[in-house]
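Undergrad: These protein sequences, in sequence, are chains A and B.
Under my numbering, think of the first position of the first sequence as 1, with each following residue one higher.
Under my numbering, think of the first position of the second sequence as 114, with each following residue one higher.
These are calculated hints, taken from the structure and not from any lab test.
Check each hint, because a few of them may be wrong.
Pairs of lysine to aspartate or glutamate, DMTMM-like flavour, derived with a Cα cap of 25 Å [claimed, not checked]: (1) B/Lys-116 x A/Glu-58; (2) A/Lys-40 x A/Glu-52; (3) A/Lys-40 x B/Asp-131; (4) A/Lys-40 x B/Glu-172; (5) A/Lys-9 x A/Glu-24; (6) A/Lys-53 x A/Glu-84; (7) A/Lys-19 x B/Glu-157; (8) A/Lys-36 x B/Glu-157.
Covered by chain A, per the in silico footprint, the following chain B stretches (three or more residues, Cβ under 8 Å) [as the list claims (entries may be wrong)]: (9) 153–160; (10) 216–224.
Positions of the beta carbon are idealized from the N, C-alpha and C atoms, including for glycine.
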Amino acid sequence: DTEVTQTPKHLVMGMTNKKSLKCEQHMGHRAMYWYKQKAKKPPELMFVYSYEKLSINESVPSRFSPECPNSSLLNLHLHALQPEDSALYLCASSPTSAKGTQYFGPGTRLTVL
Amino acid sequence: AQKVTQAQTEISVVEKEDVTLDCVYETRDTTYYLFWYKQPPSGELVFLIRRNSFDEQNEISGRYSWNFQKSTSSFNFTITASQVVDSAVYFCALSEPERSNDYKLSFGAGTTVTVRA
């Protein structure tokens, strides 16, 4: 089973709202990732959690706040977003490091009004 | 500098034609990994293949085949007898674990493949 699930599939929010994106995997992977993808562009790495600790933050604005409650779950908390934050947000997981294959979820399409 | 170059932005073919997607990478590491992902209109990135730098054997999986050539730093992907369901954006990616233990994938810009019935 190489399934990564994400909820919700679509999200529309205003600039003053607070919302969260959720990601789950049950493959026993110890690394989990958040990516942002704009239309017709490759995914851009945002955050990496390794063994439930934040390993990489790619200089992401503080209005995006990641959380890894346990080894299977990854959240992305959103607050005071801007319209330019509208994008596809992809979660991925891999066994451990960059040697391993990253498996991606279906993504959440976020629209910020 | 771009580490992964996919020179073809868009390719359009008629069903049953073969299509080859080019991928050229750049690294100074001896150990590295190359990947291909497919992204259909639904949005999910689907893993297709992972190849490590020490394994230059070409691979075939059904209608898909990959040609890895270290001499030219290329990892090309061919879809044989294309079908409409092959319409997607295809990304080539590189990981360089020697550089640091930083989990990063360097993606190419992607190639949009459209297969017409």
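Undergrad: Would you mind marking each hint as holding or not holding in the structure?
TA: Right, here's what the structure says about each hint:
no.: 1; hint: B/Lys-116 x A/Glu-58; in the structure: holds, 18 Å
no.: 2; hint: A/Lys-40 x A/Glu-52; in the structure: violated, 31 Å
no.: 3; hint: A/Lys-40 x B/Asp-131; in the structure: holds, 24 Å
no.: 4; hint: A/Lys-40 x B/Glu-172; in the structure: violated, 28 Å
no.: 5; hint: A/Lys-9 x A/Glu-24; in the structure: holds, 13 Å
no.: 6; hint: A/Lys-53 x A/Glu-84; in the structure: violated, 28 Å
no.: 7; hint: A/Lys-19 x B/Glu-157; in the structure: holds, 22 Å
no.: 8; hint: A/Lys-36 x B/Glu-157; in the structure: holds, 12 Å
no.: 9; hint: 153–160; in the structure: holds (count 6)
no.: 10; hint: 216–224; in the structure: holds (count 7)
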